[in-house]
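Engineer: So the chains spell out like this:
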Amino acid sequence: MAEIVIRNLRKEFGTFTAVQSSSFRIEDGEFFMLLGPSGCGKTTTLRMIAGLELPTSGEIWIDGEEVGQRPASERDIAFVFQMFALYPHMNVRANISYPLISQGMSRAQVRARVGEVAKILGIEGILNRPVGGLSGGDRQRVALGRAIVRNPKAFMMDEPLGALDAEFREHMSQELRALHDRMGATTVYVTHDQLEAMQMGDKIVVMNHGVIEQFGAPQDIYDKPATMFVADFIGSPSMNFLRFRGAVQPGSTSVTLHHQALPAPVAREPFEGEMVYGVRPEHIHLSDAAPYRGRVRATEYLGTTQIVTIETPNGQVKARIPSDQPTRPGETVGLDFNGATVMLFDQQTGRALRSDLNRGVLAHV
Amino acid sequence: MAAADVSMTVPNGAFVVLLGPTGAGKTTVLRLISGLEVPDEGDILIDGRSVVRETPAQRNVTMVFQQYSLYPHLTVRENLAFPLRSPILNTPEAEIARKIGAVAEILHISHKLDNKATQLSGGEMQRVSIGRALVREPSLHLMDEPLSSLDAKLRAELRIELKRVQQELGATLLYVTHDQIEAMTMATHVGVLDQGRLVQFGPPREIYENPVSLYVATRLGLPRINALPARLFPGAPVGASTIGLRPEHVAQGDGKPCEVLRVERLGDQTRLHLRLDGHDIVTLTDAHTRTEPGDIIAIAPRNPLYFDAAGRRVA
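Chains A and B supply the protein sequences, listed in that same order.
FYI, our numbering numbers position 351 of the first sequence as 351, with every residue one higher than the one before it.
FYI, our numbering numbers position 221 of the second sequence as 221, with every residue one higher than the one before it.
In short, the hints are calculated from the structure, not lab data.
Among the hints, erroneous ones may be present.
[Stated by the list, open to error] Label pairs and their calculated CB-CB ranges: (1) B:N115 <-> A:A166: 42 to 48 Å; (2) B:A102 <-> A:G122: 33 to 39 Å; (3) B:S241 <-> A:E167: 22 to 28 Å; (4) B:A102 <-> A:R25: 40 to 46 Å; (5) B:E292 <-> A:E74: 36 to 42 Å; (6) B:L113 <-> A:A163: 34 to 40 Å; (7) B:A102 <-> A:P329: 28 to 34 Å.
Computed from a predicted structure; not experimentally measured.
The beta carbon of each residue, even a glycine, is placed where N, CA and C say it ideally should be.
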């Protein structure tokens with residue numbers, strides 16, 4: 001059990017800066033996601049928390065102690081890797097027992113503890129099997145067992161489900177989250193899969209090029225992305241960006257795109273220049289009466305909903321609408337936007353402009 | 001047995017997607033049609049002509065594989081021209097230039113024609129592979145998970161492209177995948193394979209709304225359909241042992257009380273994980289719901305599907 005606080009953490013490899021001055025707080029018992037594309041610095045951040053890399057500068061506090069420059073063995077953290085990394089010549093029981101035996105725990109205690117962990121993971125039946133013949137899911141359960149058995153302060157997981165196929169990954173992510181809910185141990189989890197992060201995380205840090213773009217609860221990050229990068233990375237299909245040249249004043253509730261006033265939340269800062277009107281696919285509705293027009297390029301049936309791709313004067317957008325609403329490629333449609341959900345961005349910096357919608361969220365780091 | 005019993009008609013100009021998990025026999029069916037495998041029994045007709053005794057080259061089909069296999073030392077133009085220059089086709093040079101121009105335009109790779117194949121991104125390489133099939137204008141295009149090695153964004157883009165290209169050219173496509181999104185979004189007809197057998201064939205909407213079995217019902221839809229004992233809710237027809245409830249068909253407000261185990265916020269929607277008499281149920285709700293774990297909500301089926309003990313649809 002531990003609270004983890006990261007202050008101004010930085011890591012350089014020669015002239016390359018992998019992580020630039022990061023700060024965030026992981027509450028005790030939280031399931032915390034480090035999310036971003038490959039090369040964004042998420043794994044380096046995780047490895048620094050675990051003590052597998054030493055930071056160039058900055059502080060790492062675990063349970064009230066600054067451990068930034070201490071070796072991994074002094075941090076009482078368990079690490080679960082993407083590749084299961086089991087001892088191939090040992091059976092399941094021996095693999096899970098290993099960390100305890102190497103700590104010098106008595107045989108009877110080890111037996112009791114391994115039994116407990118096997119029960120939590122539902123692998124009592126395979127304790128005496130060699131690990132070689134196990135399925136991918138069981139191997140990952142054994143790897144988890146070896147991490148859990150030590151009862152560490154926190155778990156670090158580096159894309160532990162990345163090697164599994166999609167269907168099974170969905171199943172394991174549920175299982176992992178349920179396990180967390182039972183044990184309540186602080187967990188830091190690295191992934192590049194935004195859906196996995198949304199599904200499993202209590203909080204998410206979104207990283208890009210070694211920089212934290214946003215830190216917060218999944219729904220807040222989805223609804224109020226701090227940057228265009230976050231808006232694009234989270235959600236599928238991602239947020240639509242309608243690019244235009246325009247202006248807003250504090251208090252204004254619309255912007256003008258292609259001679260049409262489109263709704264937006266009450267603006268809290270002035271801006272003039274190249275802007276982006278950001279709207280999620282489910283917040284666009286097709287209506288014959290709407291004056292902002294576009295041409296349907298494609299429709300994609302998804303069961304109860306469909307995704308409609310539309311060419312507009314300000315670029316291509318995707319709308320998610322009910323599948324029983326007839327729509328055909330080639331036809332011209334009117335687009336209605338749910339103004340209360342719209343984000344405006346500075347196109348050049350990618351920064352979200354302040355409005356009533358994202359008030360309080362942008363001062364995130 | 002890789003392919004046990006498959007009978008279907010791919011109409012001219014159709015985009016048929018064979019859907020099934022690993023080992024369902026998808027790729028075997030493609031290889032049988034292309035002539036890379038010989039069937040133990042049965043017949044294959046292309047344009048009304050039995051082709052089982054013909055070589056792959058004689059069948060006038062093309063095949064696009066998951067792993068794009070371009071000639072790395074050739075340019076995009078030379079890669080596209082390669083099949084047309086085969087001695088069997090022996091296409092005049094002017095005709096080759098015309099076809100390459102047209103296909104490159106459709107696939108949006110005109111500006112890359114003089115690049116070496118190795119200078120392309122993954123998505124561009126797969127476009128060229130598809131282009132190499134399209135230039136031949138065969139009776140039938142066979143595609144074996146051509147998008148599965150691409151990242152999610154590119155895959156979404158190429159799904160739309162491929163469907164557009166197929167429609168523009170009026171080409172006939174038989175495409176296999178394990179990805180239900182590809183099947184639903186691109187197909188004019190979906191064939192669902194189960195252990196080598198074709199268990200249902202029809203438009204995506206029909207497969208989704210009117211599955212013939214519990215197996216088919218689980219192949220389409222995310223989150224997956226809830227399969228529960230039919231007796232959990234009143235009104236089950238005679239012979240029904242399982243009730244199939246798609247997440248969007250769990251009505252909230254009235255009915256049986258169940259506990260909310262977990263609230264999963266995905267941004268555009270929120271999934272509720274419920275527990276009813278020891279059974280797990282997933283349903284969807286408003287993105288900003290105030291429901292929390294531990295709450296009790298009442299649910300009732302809406303548009304349920306019923307299946308018998310063998311998984312066959314009964315109502």
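Engineer: It remains to establish, for every hint, whether it holds in the given structure.
Structural biologist: Outcome of the hint check:
A beta carbon spacing of about 33 Å between B:N115 and A:A166 contradicts the range 42 to 48 Å that was offered as a hint. For the pair B:A102 and A:G122, the supplied restraint of 33 to 39 Å is violated, since their beta-carbon distance comes to about 58 Å. For B:S241 paired with A:E167, a C-beta distance near 24 Å keeps the hint of 22 to 28 Å intact. Separated by about 58 Å at the C-beta atoms, B:A102 and A:R25 break the suggested range of 40 to 46 Å.
About 39 Å separates the C-beta atoms of B:E292 and A:E74, a value consistent with the hinted range of 36 to 42 Å. At about 38 Å, the CB distance of B:L113 to A:A163 agrees with the hint of 34 to 40 Å. Checked against the hint of 28 to 34 Å, the pair B:A102 and A:P329 fails, with Cβ atoms roughly 20 Å apart.
In this structure, the hints that do not hold are numbers 1, 2, 4, 7, in rising order.
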